[in-house]
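Construct all of the structure, not just a fragment, from the sequences and the given hints.
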Amino acid sequence: ERDSLLSHGTAFLLHDRLLNCSDKHVAYACNRCGDLLSPTTERNTVLSTGQGPKESLHRARLRLYCRNLKCRETVKQEGGNDEAVEPIILPYIYRYLVNEMAAMNVKM
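When you line the sequence shown up against the working numbering, it's residues -11 to 96, in that order.
If you're looking for bench data, these hints aren't it; they were derived computationally from the structure. On a predicted model such as this, the values are computed, not experimentally measured, just so you know. In this text, a Cβ means the ideal position worked out from N, Cα and C, and glycines have one as well. Don't take every hint at face value.
For each label pair, taking beta carbons as the anchor points, the in silico distance ranges come out as [unchecked claim]: (1) LEU1 with THR29: 30 to 38 angstroms; (2) ASN8 with ASN87: 18 to 26 angstroms; (3) LEU(-6) with LYS58: 42 to 50 angstroms; (4) LEU50 with THR(-2): 35 to 43 angstroms; (5) GLU61 with LEU6: 34 to 42 angstroms; (6) LEU52 with HIS3: 21 to 29 angstroms; (7) ASP4 with VAL94: 26 to 34 angstroms; (8) ASP(-9) with TYR80: 32 to 40 angstroms; (9) LYS58 with ARG(-10): 45 to 53 angstroms; (10) ARG(-10) with THR29: 47 to 55 angstroms; (11) THR28 with TYR80: 17 to 25 angstroms; (12) MET89 with ASP(-9): 31 to 39 angstroms.
Shown next as structure tokens:
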């Protein structure tokens, strides 16, 4: 029992120090392809009569979607449901590593 409490405390301490207190980052990932770099946002604005561009930006909605072509084809086959992008918490250095590997044409 003592050893299990120690190991749980050690794991929690490592998680707290190395993620929460260091470089915690909220990124968006696609559930279909698992990619961190493809999800992007699109601002949907609708201008109405008597409304300037500043007011329209305040009422704009952000739509998250995946830019991967395979995901877009899957969305078209399913009938337009593109809500497969969700936020995840990860260390920022991992996001940086994924970007660097993508620059060398290596998919993670």
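A quick look at each hint next to the structure:
1. Evaluation of the 30 to 38 angstroms hint for LEU1 and THR29 yields a pass: the beta carbon distance comes to about 35 angstroms.
2. A C-beta distance of roughly 22 angstroms is found between ASN8 and ASN87, which places it inside the suggested range of 18 to 26 angstroms.
3. Checked against the hint of 42 to 50 angstroms, the pair LEU(-6) and LYS58 passes, with Cβ atoms roughly 45 angstroms apart.
4. At about 39 angstroms, the beta-carbon gap between LEU50 and THR(-2) stays in the expected band of 35 to 43 angstroms.
5. Evaluation of the 34 to 42 angstroms hint for GLU61 and LEU6 yields a pass: the beta carbon distance comes to about 38 angstroms.
6. Take LEU52 and HIS3: their Cβ atoms lie about 27 angstroms apart, and the range 21 to 29 angstroms holds.
7. Look at ASP4 against VAL94: about 31 angstroms separates their beta carbons, and that is inside 26 to 34 angstroms.
8. In this structure the hint that ASP(-9) and TYR80 lie 32 to 40 angstroms apart at CB holds, the actual value being about 33 angstroms.
9. LYS58 and ARG(-10) have their C-beta atoms about 50 angstroms apart, which keeps the hinted 45 to 53 angstroms range intact.
10. Taking 47 to 55 angstroms as the suggested C-beta distance range, the pair ARG(-10) and THR29 conforms, at roughly 49 angstroms.
11. Between THR28 and TYR80 the beta carbon distance is about 18 angstroms. The supplied range of 17 to 25 angstroms therefore holds.
12. Evaluation of the 31 to 39 angstroms hint for MET89 and ASP(-9) yields a pass: the beta carbon distance comes to about 38 angstroms.
Of the numbered hints stated above, none is contradicted by the structure.
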